[in-house]
Structures are given as C-alpha cells and as structure tokens.
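Asks: So the chains spell out like this:
There are 2 protein chains.
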Amino acid sequence: MATYNLALIGFGGVNRALAELVSRKNAALEKEVGLRLNIVAVSDLHYGSVVSPNGIDPRALTETRFSKGGFASLSGGRSDADNERVIKEAPADIVVEATFTDRVNGEPAITHCRWAIEAGRHVVTTNKGPVAFAARELKLLAAAHGVGLEYEGSVMSGTPVIRFAKRTLLGSGLNGFEGILNGTSNFILGKMEAGLTFDAALREAQELGLAEADPTADVEGHDVRLKVVILANELLGAEFSPRDVVCKGISHLTPAALSVAAGEGKRWKLIGSAKRDERGKIHASVEPRSIPLVHPLAGVNGATNAISFQTELLGSVTVTGPGAGRTETAYALISDIIAIHQANIGATKPCKEAA
Amino acid sequence: MATYNLALIGFGGVNRALAELVSRKNAALEKEVGLRLNIVAVSDLHYGSVVSPNGIDPRALTETRFSKGGFASLSGGRSDADNERVIKEAPADIVVEATFTDRVNGEPAITHCRWAIEAGRHVVTTNKGPVAFAARELKLLAAAHGVGLEYEGSVMSGTPVIRFAKRTLLGSGLNGFEGILNGTSNFILGKMEAGLTFDAALREAQELGLAEADPTADVEGHDVRLKVVILANELLGAEFSPRDVVCKGISHLTPAALSVAAGEGKRWKLIGSAKRDERGKIHASVEPRSIPLVHPLAGVNGATNAISFQTELLGSVTVTGPGAGRTETAYALISDIIAIHQANIGATKPCKEAA
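Chains as they are written, first to last, in the working numbering: chain P, 1 to 355; chain F, 1 to 355.
By construction, these hints were calculated from the structure, which means they are not laboratory data.
All clues given are correct.
Per the computed footprint, the stretches of chain P lying under chain F, defined by three or more beta-carbons under 8 Å from a beta-carbon of chain F, are:
#1 25-35
#2 158-168
#3 291-304
#4 314-322
Cβ atoms here follow ideal geometry from the backbone N, Cα and C, with glycine treated the same way.
My request is simple: use the sequences and hints to build the entire structure.
Replies: Put into structure tokens, the structure is as follows:
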C-alpha cells in the first residue's frame, strides 16, 4: 500500500470535489488500485492556507463552511494563501494545481507547476493554462527532476481522452482529431436548433449555470482553442501556442442557418480539430462546421463532449463523455495520481523483488 | 530495441493482415514503441506449417498465393498444420492465436493457448472462444508461468475497449455497460428502418460480405453473447459462461415494429449489456431494445460498434469504432503485443539500470 500526501493549490469546485472523493473513495482506491490519498496542505486565494503534516480530515475541509480567510481556524492554518510556501515546503508527494485558467499567458499556474517540480513534487492539474502554454517546458523540467506531470482533466474533464489516444491507441497511426470540446456552446446550438436565437439560448445556458456571466471564452471558441493546442501538441507532436490556432465561435450563427442545415440532413457544431498532412505539417482550427448526420460527432447533444480520433489502422474512433462537472473533473486528478502511482510501481517494485 | 518472435496459429484474414502490418509497419513500431516483430512460424489447417528460426519474410507470406498445403514450398515448411509442434517447439516469444471461434466450447483454441503458456510463450488472441470459455483458467496459468495473455481483439476488433475500461477508467467505479457489439445485426436493423424486411436486409448484408451464409451467430445474438461474457467477466468480475446469459436476436423484428419506434422517437438496437446491482450481483443479457434517440447508442449506424460504460464518477462514457475488419483486428494483436512489451519493460528495465 502506497500513501501519497497531497497539497491542493486552489480550493474551488474541483479540489473541493477531490477532497470529497478522498473522503468517500479512499477505501475503494486502496482495494482497487493499492493507493491511499492524504491531504497535507491546502492553499486558496479566498480561504487562506493550511499545512498539516499528519494529514487533514477531508470531511473537515468539505463539511465546514469557511468564510474568507477561514482556514486560519484550522490547526496549522493562516488567513492568507501563500501558494509558494505551501508548494515548496509542505510535505507533499503530489501538488494538485486547480487554480483558475488564465487564457492570456497561463500564469500563475505555470509558476506553481514549476515550483512544485523543482521541489521534487509530482504535479497533477486540471488547469488548461500550464498545459496549453508551457507543456513542453514543464515536461522537460519534470523529466529532469524525476517526477510525474499529468493533466488528463485539462480536456473533457475526467473522460480520459488523452490517455486513451496516447496509450491505448499507440501504434494505430493517429494522424488527426475532431472534437466537440465545449459543452456550453453545444448546448446553445441545440437550443438554437429548437428555434431560440443565440441571445435567448445563451440566457437559458446562463440561468442553468452552464454559461458564465461573460460567456466569451465558451461561445467564441477560446476555451476550445486551448484544448486543441493541448491535444495537437500532446498527440501529434505539434508545437502550437494558442495564438497559432485560427479560432471562430458560434455567436454569428442564426436559427435560420441551423434550420437550413437541418433541411440538408446536417447540423452545425463547434469543432476543434487538428490533422497532420502528408508532408507532416499539422493544421489546427476552431470553427463552426455543418456536418452530416452520419458524422460520428453529429449525434452529440447538450453539454456532452466527444472526440473522434482519425487513425491509419482503425479509421475513426470516437470517445463521448462528460466535458465538465466538479466530480468528473476531480476524477481526472484521481486518474492522474493512479498513472503516477503505476509509473512508480513499474520503476521500483521489480527491483525490490530482485533485491 | 526489443525484438519479438511470433508464431502465427491460423492464417486466415486476421493473421494475414498481421503479416502485412509486420511488413508495412515495423519501422514505425520501432520508432514509436521501440519494438520489432519477426514471424518465425505459421501453422494453418489449409496451408500447412512453416518454422524458420531466423524469421520469414512477411512479404513472402502475404504476396504468395499459396494453395492447399502450399507452405511445403517454403524452407522449413510442411503441408500439414501441426499446431501442437509449432506452438511448443518453434522459437517464438509470442503465440498469436487467430483460428476460428468455436461457439460451443471454445476448442481447439483453448488448448492452443494452454500449450503456448505452458511452453513459456506469451499469448495474444482475437479469438472469442478461449476468452469467453476459459479466461479465468488461462489467466491463472499465464500468471503461474510468468507470461502475458492479451485479447483486446476479442471484442470490437481493434477498438481498444477492454483496455480503455480496465486501465484508463480505473478508479471511476465502473458498474455496467451496454453495447452494440455486432455490426451485421446493426446493419440489418438500419436497412429494416429504411423499409426492408428482415430477410431482404439479411440478403443485402450477405451480398456485401457482412453476413455469413449461416447468419445465426450474428442475428440471433450468439456472437454478442460471447462478447458480453468476456466483458462482464473481465470488467465486472463476473464468472459467466455463455450459457448463463439470456440471449434473444433480431430475426423476429418487423419493419412495422421499427416504424412504430421511429414514431415514438426511438430505435430498435441489439444491445448486449451487464450491470452490477446494489447487492453486487451481476445481471447480463443480449436482446433487442427500443432506445430513445438521446441514448448514447442510438446514433450508432451501419456496421459500426459502440459500448457505453456506466461509472459512478463520470456517468456514461461511450467508445465508438470499428467492430470488425482484417486490418482493424490485426491492430488489436499489435496493441496486445505493445501491452506485453510495456509490461516487460516495467518488469526488467529498472533492475537492469540498477545493476
């Protein structure tokens, strides 16, 4: 049985859900995977920070209604966030980065990851920023320090599309992908097919909590663009920055345009895609496309996400699943920790057996 | 660079496609995965057998039109099959079992696997028989002999659903699945939705080579039943034999019934499924079901296959891809060999480094 001490950076919905999973699922993880999780530190801009080397009862974290600076009420707690000290000094094996995604330069999350790796901590993150802007640098740094860096939740929350493509499709000749990677815009398109204007559909998404007050990132494709960059770099060996990818959203589409498409047996979908051409060059884009009903992404409805991978030996293989959700995204962190655990077992267990 | 010597048992479409992939893709596999494949033996009821310790040029195997007993024309070749000698004595690291699937008791493929494992060979197979009837016994035997046993291609050809569910969904609380696991019957249902009778749709499938002269296994659900047994045992820990699973096919359905369903926003699909109930008991069945259009399997058309996995933390996650095809199924064997290779690296490399 391996125990991993976790330092949680950010305590919004995702890391709170992770704490709930630690509370609810540790016994199942022990039985199924042979690992135990122990939260030893949390740092959050709003609640403050707490370090507790023997571990913090996850129920104390999730069942208490903390106010601003409220972590000061915990043993080892302070009212200020202090991410740097927590990352560098808390006795954690794994730093869990789940702060906000900055869409301009990925900071301060990139710095958080860098600090953690340089301090010899594995890093798991659901944050698109560090992965879209600095995956290459951070991977080299992690390799140099002999630690793991995993980010399954940066695309499609806990639906394990990165690991599916990288591991289980290995050797199949992956040369491109097309995805519906933003549930908010897909929900809005569905409502527009039912006759609502873009503005009315957006309001309904906002009322349901599916769209933020400023919906730009979702409806103009910026969120999808980060995911396309992550996948193109990770799966096709591209070296894109977000500014390299052409991006067009859905706000200019009209119910009339969607109705015309329906009459032609087609549906408009916001598609993020990349493909490698015969000369090895990789082309990526985010744009609404009118796709035929037989297309594997045409039946993806509501807030669901999906990616079709194009491969030489299997043709098209599609994974459909949740693209958001607190618990779903927290599961991505669990799956990342499992991946790190299994890499560790592979690296150490046989030698111990041989000794 | 690791080189694996292969003995191919059966030289029908799948192992012939594997030989083609060895010929075409060895360079890519070397570069991408760090392994090389070398065919050292083939045995087939029709063509005979050949053993060649230094390897057989895969193009000689795939580009020659052999007649019955034709392997006798090769160096080290004989006109009779001699599976037992080839499996036990050829200098292979991996035995590739791709003979016919016997739906009554899984033989002689089970015996082939047993011989191979007892001779210290890894086994990869696309054959449903050994997996549906004897996975438990063969896994114990493989563990005892320290060899790998992989069978991704026994369900949905090369679409890696077994590895997806077992590995990348680990820890998600998988508790059931529903699948469209037979492309022939799904193709026939599509034609019946377009107004054909069952008999006319079946004839069209036969003319296209999608259905065999005796279509019983496809249209009465027997093929799906083997796959449900494999998945339920592998993913849910059931201990089913094929006779334990209730099985109903599609031959009794009428275009009228499909038309009624369409009027209700539903489609008839042949669904193979299993789920674990609250008390831990596993229920499995194969039957046509009328599912609503929003169901993740409702949009699966033609000969395509799909499985929706039900999980506690992610809800439903669906993988859609090819369910048949020579190259697609041969890729399953490649993916199995990669899995064995990676397990071997994990087991040996760190110790060598430590030494």
